[in-house]
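Colleague: Sequence:
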Amino acid sequence: MTAFGVTIEADGLDEVEIKADSVNLRLRHISATYIRVNISDMLAWADEIIERRNGQVRIYIDEAEYIYGNIQNIYFNRSDRKTSLSLAATRFITYSSPQARDLKDIFTLRIDDDGRHKVRCAFDKNVRPQDTVTLPGGQTFTVGFMAAHLGYNDGWLDVEGQ
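In our numbering, the protein residues as written are 1 to 162.
By construction, these hints were calculated from the structure, which means they are not laboratory data.
Treat the hints with caution; some may be incorrect.
Claimed, not checked - Below, computed lysine-lysine pairings styled on PhoX-like, alpha-carbon distance capped at 20 Å: (1) Lys-82 / Lys-104; (2) Lys-118 / Lys-104; (3) Lys-19 / Lys-118.
To be verified - Derived CB-CB ranges, DEER-like: (4) Gly-144 / Asp-41: 50 to 56 Å; (5) Ser-79 / Thr-142: 28 to 34 Å; (6) Asp-14 / Ile-74: 14 to 20 Å; (7) Ile-30 / Asp-158: 18 to 24 Å; (8) Tyr-75 / Ile-111: 45 to 51 Å; (9) Thr-83 / Glu-51: 35 to 41 Å; (10) Phe-92 / Lys-125: 36 to 42 Å; (11) Asp-14 / Thr-134: 39 to 45 Å.
The beta-carbon is built from N, C-alpha and C at its ideal position, and this holds for glycine as well.
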């Protein structure tokens with residue numbers, strides 16, 4: 001499983017590492033990239049988060065920064081069973097150096113009538129929008145959209161493109 005970490009920061013305040021249960025990402029070339037951080041122990045982190053609500057959230061993978069975004073919203077989620085907090089952040093990114101990557105550990109693969117590929121595979125921190133990916137068997141396509149989930153017990157990557 002991929003080790004991940006989350007920090008939040010704001011001007012004039014120290015960067016603070018918070019314990020997140022999971023991170024969900026939607027990455028696109030040029031268009032907005034979305035980050036959602038889910039925190040079940042909200043009382044432990046509420047003060048730090050509120051103080052840094054106009055700051056940034058940073059996601060680290062294997063101790064290296066993977067992506068950051070500007071905090072847009074803080075959501076307090078309450079149900080009969082649990083209370084949690086989510087941070088939502090956005091960032092516009094241009095991926096200007098596409099690479100060739102192999103997709104591995106594929107869970108599902110769909111190709112529609114227009115040749116658009118939809119693949120769910122194990123999370124790979126090196127795959128980015130605009131990359132040309134190769135499937136087992138040699139088929140290739142250019143990544144247009146990615147969605148990822150990182151949790152302590154699971155993780156996956158959805159890759160779409162033509």
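Colleague: Would you mind marking each hint as holding or not holding in the structure?
Modeller: Hint check results:
Only pairs whose Cα atoms come within 20 Å are accepted, and Lys-82 paired with Lys-104 is rejected, the gap being roughly 36 Å. A C-alpha spacing of about 14 Å is found between Lys-118 and Lys-104, which places the hinted pair at or below 20 Å, so the restraint holds. At most 20 Å may separate the alpha-carbon atoms for a hinted pair to count; Lys-19 and Lys-118 exceed this at roughly 31 Å. In this structure, Gly-144 and Asp-41 break the distance hint of 50 to 56 Å, their C-beta atoms being roughly 36 Å apart.
Checking the proposed 28 to 34 Å range against Ser-79 and Thr-142 shows it is violated: the Cβ atoms sit about 40 Å from each other. Against the hinted window of 14 to 20 Å, the Cβ-Cβ separation of Asp-14 and Ile-74 comes to about 19 Å, which satisfies the hint. Between Ile-30 and Asp-158 the C-beta distance comes to about 19 Å, which sits within the given range of 18 to 24 Å. At about 36 Å, the CB distance of Tyr-75 to Ile-111 disagrees with the hint of 45 to 51 Å.
For the pair Thr-83 and Glu-51, the supplied restraint of 35 to 41 Å is violated, since their beta-carbon distance comes to about 20 Å. For the hinted restraint 36 to 42 Å between Phe-92 and Lys-125, the CB-CB distance of approximately 20 Å leaves it violated. At about 43 Å, the beta-carbon gap between Asp-14 and Thr-134 stays in the expected band of 39 to 45 Å.
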